[in-house]
Amino acid sequence: MKAISLEEAVAMIPVGASVMVGGFMGVGTPERLLDEVVRQKKGGLSLICNDAAIPGKGVGKLFDAALVARLTATHIGLNAKAQQQMLANQITVDLVPQGTFVERIRAGGCGLGGVLTPTGVGTLVAQGKREIEVDGKPFLLETALRAQFALVHAFLADYLGNLAYALTSRNFNPVMAMAADTVIVTAENIVPIGVIAPDHVVTPAPLVDYLITNG
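Going by the numbering used here, the sequence shown opens with residue 272, and the numbers climb by one from there.
Heads up, a few of these hints could be off.
Claimed, not checked - Restricting the straight-line Cα-Cα distance to at most 30 Å, the calculated cross-link-like pairs of lysine-lysine (DSSO-like) are:
(1) Lys332 with Lys312
(2) Lys312 with Lys352
(3) Lys312 with Lys328
(4) Lys273 with Lys328
(5) Lys332 with Lys273
(6) Lys312 with Lys273
(7) Lys352 with Lys332
(8) Lys328 with Lys352
Unchecked claim - With beta-carbon atoms standing in for the labels, derived distance ranges:
(9) Asp306 with Ala340: 18 to 28 Å
(10) Val405 with Ala437: 37 to 47 Å
(11) Arg341 with Leu395: 15 to 25 Å
(12) His471 with Val309: 27 to 37 Å
(13) Gly382 with His471: 24 to 34 Å
(14) Glu404 with Ser276: 46 to 56 Å
(15) Lys408 with Asp365: 17 to 27 Å
(16) Gln419 with Asp470: 23 to 33 Å
(17) Glu278 with Lys408: 50 to 60 Å
(18) Pro389 with Lys273: 36 to 46 Å
(19) Leu412 with Lys273: 31 to 41 Å
(20) Pro477 with Asn360: 35 to 45 Å
Since the hints were derived computationally from the structure, they do not count as laboratory data.
A virtual CB, placed ideally from N, CA and C, is assigned to each residue, including glycine.
Turn these sequences into a full structure, and let the hints steer you where they fit.
As structure tokens, then:
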């Protein structure tokens with residue numbers, strides 16, 4: 272793990288990159304990183320996140336700045352700008368059932384090709400997907416999700432990069448930290464090694480590439 276500034280971290284993200292962003296309606300979202308993405312105008316992003324948040328909050332800032340080209344998410348209903356961009360064909364949106372969404376990311380983090388799920392069988396969700404029968408029951412093959420970058424927010428980080436989360440702000444952050452080539456972390460508190468008890472470490476240091484130490 273390497274300590275790095277906001278500016279240096281975001282400078283590594285190329286235009287058009289695939290990026291996972293932790294959070295649930297702005298809770299547990301790396302706001303400082305997103306602000307810097309907007310400042311550096313990193314556009315054409317393939318964004319993978321639970322939701323589109325709301326204008327001015329969380330990943331909603333990326334839609335405000337028209338930086339998203341493709342969105343994979345579970346709902347966008349509270350962000351009118353994201354909806355408008357979708358209807359105007361300015362972005363491509365892939366809506367995924369929430370359980371399927373997190374399982375696809377988990378599969379990506381575990382090196383699996385995908386998961387079998389009954390969710391969506393016989394619906395629009397099944398279009399273009401392979402259906403597999405197991406013990407007489409139909410399942411959809413949902414392929415694994417990975418990204419070039421994951422932007423993660425934690426409550427505690429130590430100087431090795433071990434992470435702990437607070438309550439519901441944990442949400443999708445730990446699983447996304449498993450499923451990206453480069454993991455960049457902001458934390459509310461950075462503490463000495465040993466402060467986070469081993470049993471409280473959720474994301475271990477080997478998964479973290481960069482920890483933001485300014486901003």
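Checked hints:
Simply put, Lys332 and Lys312 have alpha-carbon atoms about 11 Å apart, close enough for the 30 Å limit, and the pair holds. Of the supplied pair hints, the one linking Lys312 and Lys352 holds, its CA atoms being roughly 18 Å apart against a limit of 30 Å. With a C-alpha separation of about 17 Å, the suggested pairing of Lys312 with Lys328 holds against the 30 Å cut-off. Of the pairs offered as hints, the one joining Lys273 and Lys328 holds, with about 28 Å between alpha carbons and a cut-off of 30 Å not exceeded.
Annotation: proposed proximity of Lys332 to Lys273 holds, straight-line Cα distance about 27 Å (limit 30 Å). Of the supplied pair hints, the one linking Lys312 and Lys273 holds, its CA atoms being roughly 24 Å apart against a limit of 30 Å. Between Lys352 and Lys332 the CA atoms are separated by roughly 10 Å; this keeps the pair inside 30 Å, and the hint holds. For a cut-off of 30 Å, the pair hint linking Lys328 to Lys352 stands: about 12 Å separates their Cα positions.
Under the hint 18 to 28 Å, the C-beta atoms of Asp306 and Ala340, about 20 Å apart, fit the expected range. Against the hinted window of 37 to 47 Å, the Cβ-Cβ separation of Val405 and Ala437 comes to about 39 Å, which satisfies the hint. Checking the proposed 15 to 25 Å range against Arg341 and Leu395 shows it holds: the Cβ atoms sit about 19 Å from each other. Separated by about 33 Å at the C-beta atoms, His471 and Val309 satisfy the suggested range of 27 to 37 Å.
At roughly 26 Å, the beta carbons of Gly382 and His471 sit within the given window of 24 to 34 Å. Between Glu404 and Ser276 the Cβ separation comes to about 52 Å, which falls inside the hinted range of 46 to 56 Å. For Lys408 and Asp365, the hinted distance range of 17 to 27 Å is satisfied, since their beta carbons lie about 25 Å from each other. At about 32 Å, the CB distance of Gln419 to Asp470 agrees with the hint of 23 to 33 Å.
A hinted range of 50 to 60 Å for the beta carbons of Glu278 and Lys408 is consistent with their spacing of about 52 Å. Restraint check, Pro389 to Lys273: a C-beta distance of roughly 43 Å satisfies the suggested window 36 to 46 Å. A C-beta distance of roughly 37 Å is found between Leu412 and Lys273, which places it inside the suggested range of 31 to 41 Å. At about 41 Å, the beta-carbon gap between Pro477 and Asn360 stays in the expected band of 35 to 45 Å.
Every hint from the earlier list agrees with this structure, and none is contradicted.
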